[in-house]
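S.K.: Chains as they are written, first to last, in my numbering: chain E, 335 to 797; chain Y, 1183 to 1475.
Nothing false has been slipped in among the hints.
Simulated pairs of lysine-lysine, BS3-like, Cα-Cα distance not exceeding 30 Å:
#1 694(E) to 662(E)
#2 1424(Y) to 616(E)
#3 1208(Y) to 535(E)
#4 1424(Y) to 744(E)
#5 540(E) to 467(E)
#6 734(E) to 1424(Y)
Simulated from the structure, these hints should not be mistaken for lab results.
Please read all numbers here as calculations on a predicted model, not as lab measurements.
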Amino acid sequence: MNNSMTRVPVREQDAKVRATNFDEVCLGYNDEEAVLEAERCLNCKNPLCMKGCPVSIHIPDFITKIKEKDIAGAADVIALSSALPAVCGRVCPQETQCEGKCVRGIKGEAVSIGKLERYVADWAREHDYVAAKAGEPNGKRVAVIGSGPSGLTCAGDLAKLGYDVTIFEAFHQPGGVLVYGIPEFRLPKDRVVRPEIENVKKLGVKIDTNVIVGRSLTIDDLLNEEGFDAVFVGSGAGLPRFMNIPGESANGVYSANEFLTRNNLMKAFREDADTPIKVGKKVVVVGGGNVAMDAARTALRLGAEVHVVYRRSEEELPARVEEVHHAKEEGIIFDLLQNPVEIYVDENDWVKGMKIQRMKLGEPDASGRRRPEEIPGDVYDLDCDMVIMSLGTSPNPLIKQTTEGLDTNKHGCIIAKEENGQTSKTAVFAGGDAVTGAATVILAMGAGKAAAKGIDDFLNGRA
Amino acid sequence: MYEITKVEHLVDKDWLMVVKAPFVAKKCEPGQFLIVKLGELGERIPLTIADYDREEETITIVFQVVGASTEKMSKLKAGDCFTDVVGPLGKPSEMIDTPIDELKKQSIIFIAGGVGAAPVYPQVKWLHAHGIEADVILGARSKDLLIMEDDLRKVAANVYVCTDDGSYGDKGVVTDILKKLVNEQGKKYTQCIAIGPVIMMKFACLTTKDLGIPTIVSMNPIMIDGTGMCGACRLVVGDQVKFACVDGPEFDGHLVDFDLAMKRQRQYRDEEGRAMLALQEGATHSGGCEADK
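This is chain E alone, in the form it adopts within the complex (with noise of 0.2 Å):
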């Protein structure tokens, strides 16, 4: 046992350093300190860490496995819930989820159970151990539209059942936002992405990159031509939303899609890869999300200063607290409480600046949070010659215009059935982004399995 009131602290590459390269900010635990921290657990009788979780990883019980350190074992435990550990443990708002529950953190640290679920991840990683197995197969087909973090969860599970499932990608690369919007210093794509996504196709789970569904195929065809007996739709939220302010179209105004993807499925940072990227020497990031985030520390390893505006303060920032801390560490300059009202653009039509106001907050409005107000005449110039627009993003048209009976909300958002992912449309499931618009990896996943587990009692006709 382990009495710590603080966790065993993770190492980190040094900020100054960091802030120059794409290596992964965190290091992780090596074998002592995992069993270290691992020994701060209490093995609550009721643990609470496991309601924070929106996959029911069996917490405790892996955490015990390292106490013994039968890492092999954790491994066991954590795949009969999760596909997607290593990405889990690095990505996850861990504080608002299991370690937000743990009670340990009352009195002093919750226990850094995503820094050892990355632990015990990366160790079968780095020895070839695949923990979870493939099921008898059943005979059915199912389809998964897009290999994110709820496709391959989906998609993962349905074959541990037994099913043959192919996961159709309109990108050349699998894995959805991990590899086109994390960056590679938070979450690695060779070492980490990639491997974790063979470990899916392990199972015997096909990945078809290059098809569009909605235009390649349409879900219709899945089901009535292709032979799929059922269809889980895990298309994300790619549309990026604007501000619709003056100076938008200027060259030099991106959304944080393009700038991310450009850098991160693109690899514009390397010198090898084709697709070009601008950075400013003086960038501005508006929005204070985990893709602000991700777009800020991105254009900083460029070689930009970088400033995040952001309408209200940073008690309301949306990103997990460790980004921030993070971004700041970095030399983020952080101008909270201002918005942009215009985009400045100079001769030769580049951004050359912006118009900011000055914000107050107000009332609580409809998301809880405090209503940002301007503060009358308070503006001021803000040179810049680069903008990153990262605002927040929709789900793509595509699907719910070309698929007949699939019912979506005013905001675009597939309307499914929270438990089972059931849509409107017969053998149609969906989950992830593409029905609660932008939110995080693991609600993804979550809403896959939940999915996968809709679509077993569907085609077994227990629902």
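Given chain E's structure and the hints, the job is docking chain Y onto it.
M.R.: Coordinates of chain Y only, in the frame set by chain E:
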């Protein structure tokens, strides 16, 4: 991998390729585009579909060498492969969903400039297959830059050719011919479809606006994913921002802000130039210049 079954050097910097791409060939319609990518770290290059063969499961693309990536493409031979081909992307031409009876009542003129002849061809061919004969104005800077004339002549009612230098056909630009056809020869067109360089489409639209002919243009801005994700291809149409990849690529030409589109197209000119130099001369700059580090 997507096999290239035919490579043809058309003129100067223009190349034609036939590529095996079953999903695209099965579903594509005139007006749509696709994306090709060469190599693991290659660029995603959007190209309008110039023809398709559903039985052979092939599509035809025509491209112009404008930068390092298209330069690399021009070195490919039959039997080589693209790493990735994805499509069809964008919406099909409006005519595809228009009842044939309606189309038959129309009098359609196409304006094809330079390499824009390639995307015009499948539309004229599609109309021809449905019993509708359209006119085509085919323009180029000079005779040796003209493409697809023979193909177009087989499917169009009339093909009017013009060159800037007068080396073939009429001397002049496409708008001169259009004005001549309407004002001097009494032709009455109810629909124009203009595809070519942005500057040509801009002036074609100014002319058709004067002549009162509704005009559709096909935009080909910078884009990455081609599925609505990056927003790089945004255009201003009327008073709205549209994404060429999912809302287009075809738009009402009388509403498109062409000047803005031209500015946005120049966005990566420096990078493109540097990449081209690196390809031709080796990494003389990107690897060697201290100022770059």
